[in-house]
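Given the coordinates of chain A, assemble chain B onto it according to the supplied hints.
Chain by chain, the residues:
Protein chains: 2
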Amino acid sequence: MTSLPAPREPLRRVAVIGGTHGNEMCGVHLARHWLKAPGELQRASFSAMPVLANPAATAACRRYMDRDLNRTFTLTFLRSEATPDDPYEVTRARELNQLLGPKGTDQAFDFILDLHNTTANTGVCIISESPYTVFNLHLCHYLQMQNPDLPCRFLEYETSQNETYSLESVSKNGIALEIGPQPQGVLRADLFSQVRALVMSILDFIELFNQGKAFPAFEMEGYRKLGAVDFPRTSDGGLAGTVHPRLQDHDFEPLRPGDPIFKLFSGEDVLYEGDSIVYPVFVNEAAYYEKHVAFLKSEKIQISVPALPGLTSSPTVAS
Amino acid sequence: MTSLPAPREPLRRVAVIGGTHGNEMCGVHLARHWLKAPGELQRASFSAMPVLANPAATAACRRYMDRDLNRTFTLTFLRSEATPDDPYEVTRARELNQLLGPKGTDQAFDFILDLHNTTANTGVCIISESPYTVFNLHLCHYLQMQNPDLPCRFLEYETSQNETYSLESVSKNGIALEIGPQPQGVLRADLFSQVRALVMSILDFIELFNQGKAFPAFEMEGYRKLGAVDFPRTSDGGLAGTVHPRLQDHDFEPLRPGDPIFKLFSGEDVLYEGDSIVYPVFVNEAAYYEKHVAFLKSEKIQISVPALPGLTSSPTVAS
Numbered sequence: 536m537t538s539l540p541a542p543r544e545p546l547r548r549v550a551v552i553g554g555t556h557g558n559e560m561c562g563v564h565l566a567r568h569w570l571k572a573p574g575e576l577q578r579a580s581f582s583a584m585p586v587l588a589n590p591a592a593t594a595a596c597r598r599y600m601d602r603d604l605n606r607t608f609t610l611t612f613l614r615s616e617a618t619p620d621d622p623y624e625v626t627r628a629r630e631l632n633q634l635l636g637p638k639g640t641d642q643a644f645d646f647i648l649d650l651h652n653t654t655a656n657t658g659v660c661i662i663s664e665s666p667y668t669v670f671n672l673h674l675c676h677y678l679q680m681q682n683p684d685l686p687c688r689f690l691e692y693e694t695s696q697n698e699t700y701s702l703e704s705v706s707k708n709g710i711a712l713e714i715g716p717q718p719q720g721v722l723r724a725d726l727f728s729q730v731r732a733l734v735m736s737i738l739d740f741i742e743l744f745n746q747g748k749a750f751p752a753f754e755m756e757g758y759r760k761l762g763a764v765d766f767p768r769t770s771d772g773g774l775a776g777t778v779h780p781r782l783q784d785h786d787f788e789p790l791r792p793g794d795p796i797f798k799l800f801s802g803e804d805v806l807y808e809g810d811s812i813v814y815p816v817f818v819n820e821a822a823y824y825e826k827h828v829a830f831l832k833s834e835k836i837q838i839s840v841p842a843l844p845g846l847t848s849s850p851t852v853a854s
Numbered sequence: 536m537t538s539l540p541a542p543r544e545p546l547r548r549v550a551v552i553g554g555t556h557g558n559e560m561c562g563v564h565l566a567r568h569w570l571k572a573p574g575e576l577q578r579a580s581f582s583a584m585p586v587l588a589n590p591a592a593t594a595a596c597r598r599y600m601d602r603d604l605n606r607t608f609t610l611t612f613l614r615s616e617a618t619p620d621d622p623y624e625v626t627r628a629r630e631l632n633q634l635l636g637p638k639g640t641d642q643a644f645d646f647i648l649d650l651h652n653t654t655a656n657t658g659v660c661i662i663s664e665s666p667y668t669v670f671n672l673h674l675c676h677y678l679q680m681q682n683p684d685l686p687c688r689f690l691e692y693e694t695s696q697n698e699t700y701s702l703e704s705v706s707k708n709g710i711a712l713e714i715g716p717q718p719q720g721v722l723r724a725d726l727f728s729q730v731r732a733l734v735m736s737i738l739d740f741i742e743l744f745n746q747g748k749a750f751p752a753f754e755m756e757g758y759r760k761l762g763a764v765d766f767p768r769t770s771d772g773g774l775a776g777t778v779h780p781r782l783q784d785h786d787f788e789p790l791r792p793g794d795p796i797f798k799l800f801s802g803e804d805v806l807y808e809g810d811s812i813v814y815p816v817f818v819n820e821a822a823y824y825e826k827h828v829a830f831l832k833s834e835k836i837q838i839s840v841p842a843l844p845g846l847t848s849s850p851t852v853a854s
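Chains as they are written, first to last, in the numbering used here: chain A, 536 to 854; chain B, 536 to 854.
Hints may contain errors.
[As the list claims (entries may be wrong)] Computed list of lysine-lysine pairs in DSBU-like fashion (alpha-carbon distance at most 35 Å, straight line):
(1) A:K638 - A:K760
(2) A:K571 - B:K638
(3) A:K826 - A:K638
(4) B:K571 - A:K826
[As the list claims (entries may be wrong)] Not close to chain B: a few residues of chain A, all C-beta gaps over 12 Å, as computed:
(5) S582
(6) Y700
(7) Q717
(8) M755
(9) L782
Hint data in this document are derived by calculation from the structure and do not stem from the laboratory.
Keep in mind the model is a prediction, meaning the values are calculated, not measured.
The C-beta atom is built at its ideal place from N, Cα and C for all residues, glycine as well.
If we strip away everything but chain A, and leave its shape as in the complex, we get (with noise of 0.2 Å):
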């Protein structure tokens, strides 16, 4: 796993997001929430800014009004000469990017948190693609500590090769935390306390940091995003039947040739003919019909997470 060395400056521009999928709600009523009670963002070295990223589909309760806002964050998006009819999300996007970046530049904010749901049961997930993995994954540990009965996973989502196009991509450095299973335009409140709880953990993280602290270095999980799986289809592009019960629910669970993976309406089931095991995320995600994925394989890594040292730029250190 390569990475950039990890930031070495204090985290003073940090920004919570939600509704960047307009029907995910946990991330959408936090951040309708602190933007009046911004309370809860402030820490000793930094406050950190809520935003609703998607007003528009969030009024809706649609995930987007033109386009998944989420892929837009790519710089021929962000560059390209504004016109009249511009999706709404690219239109967006850039404002984001005025408001947050600009994406690539010195100017742009230190960390963005950007909060989402799935339909999928992949309880909490932390989604990085990032170059500074070493400090997510110290700030994924951080919150696997914190919280013990929560599986927290880590999972790399994005090889170097593509453009990023996430929201997060703006910063200099962020995450993307899931949580699932919610259905879309549904708050559950055991949802919302548990992503509450992990945003407040996130930023303790981030003020521990910039207060000098270190973190040694240790060894954990993770996983590694290695391709998609189609639903069955009919000759019409249709569904020809959908995700198997024995793999729905079963995010993140081994995945072995042979298992079943589609129950056809016809009654036959389809087995994984891979040939290795691989684990699955996203299973049944409603937002991925479209973009005719019924599940992420992913492969579990081991990964030895070198020691996150201390900011040594403090006044007291530099003396």
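Below, chain B without anything else, positioned relative to chain A:
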């Protein structure tokens, strides 16, 4: 409970309908499947017709395009003059009224079975607003006998004072079959199989009735809708909290005065202030947020169902 006499003729014109709400996936995919392969819908005395009620909303995977189709089958809408500016669902309701009605006439279909999903933990629920309550109660009882392990509850939905507005009100008799929990936009194989098996049982029951079988009187429990309870709101109309964890997923279980119903974002609990036990239904249903409904209150009722006499118009009896 008032009810009209049971039907005195065989039910030969029967429709099985999915996609009245375009993101309730069991009905959507069963209707699509049966439109290609209708064999399962054939019985000796009739062949049920599969219908995809809202093709545009189904294609968009939304509940509706312009307005809730299942609130649009009033005579006011159905008889109003068509204009180019009509909402999509008003136009579609008139088309379905031509296909399956006209509502309130002798030409109307004998029975409509409308398939729905809910994000609430209702299990299987038969909703009847039809005057032919006795027939529908016998149908529900038959499903309970056929599926002893599957809770199958009967909910009397509307009082006779209101103008009926649902799709099944277009036919002479009908029910809505609700099953949950299932997120909007997700097709779970377990629920898909349950709904399919229930539809088979319902068609079997109609076939038995058509063949002249009589069904004896019995006693059963049911639920009668009393009213709706909105979410707690802020002064600007936004949510101030959501369904309490102790109520979430507890549809059809007794709610006592003093029990918690909402958890406010401030951390406080809101308690139920009624003066008698009620039975919440459709607890935290995604589609009801915009209708200002956090859950419906119902009362449990004991129903003495009279015998459903066998049809006497068959040639052997008449001779």
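Right, here's what the structure says about each hint:
{"no.": "1", "hint": "A:K638 - A:K760", "verdict": "24 Å, holds"}
{"no.": "2", "hint": "A:K571 - B:K638", "verdict": "50 Å, violated"}
{"no.": "3", "hint": "A:K826 - A:K638", "verdict": "26 Å, holds"}
{"no.": "4", "hint": "B:K571 - A:K826", "verdict": "25 Å, holds"}
{"no.": "5", "hint": "S582", "verdict": "19 Å, holds"}
{"no.": "6", "hint": "Y700", "verdict": "22 Å, holds"}
{"no.": "7", "hint": "Q717", "verdict": "8 Å, violated"}
{"no.": "8", "hint": "M755", "verdict": "30 Å, holds"}
{"no.": "9", "hint": "L782", "verdict": "9 Å, violated"}
Against the hints set out earlier in the document, violations occur for numbers 2, 7, 9.
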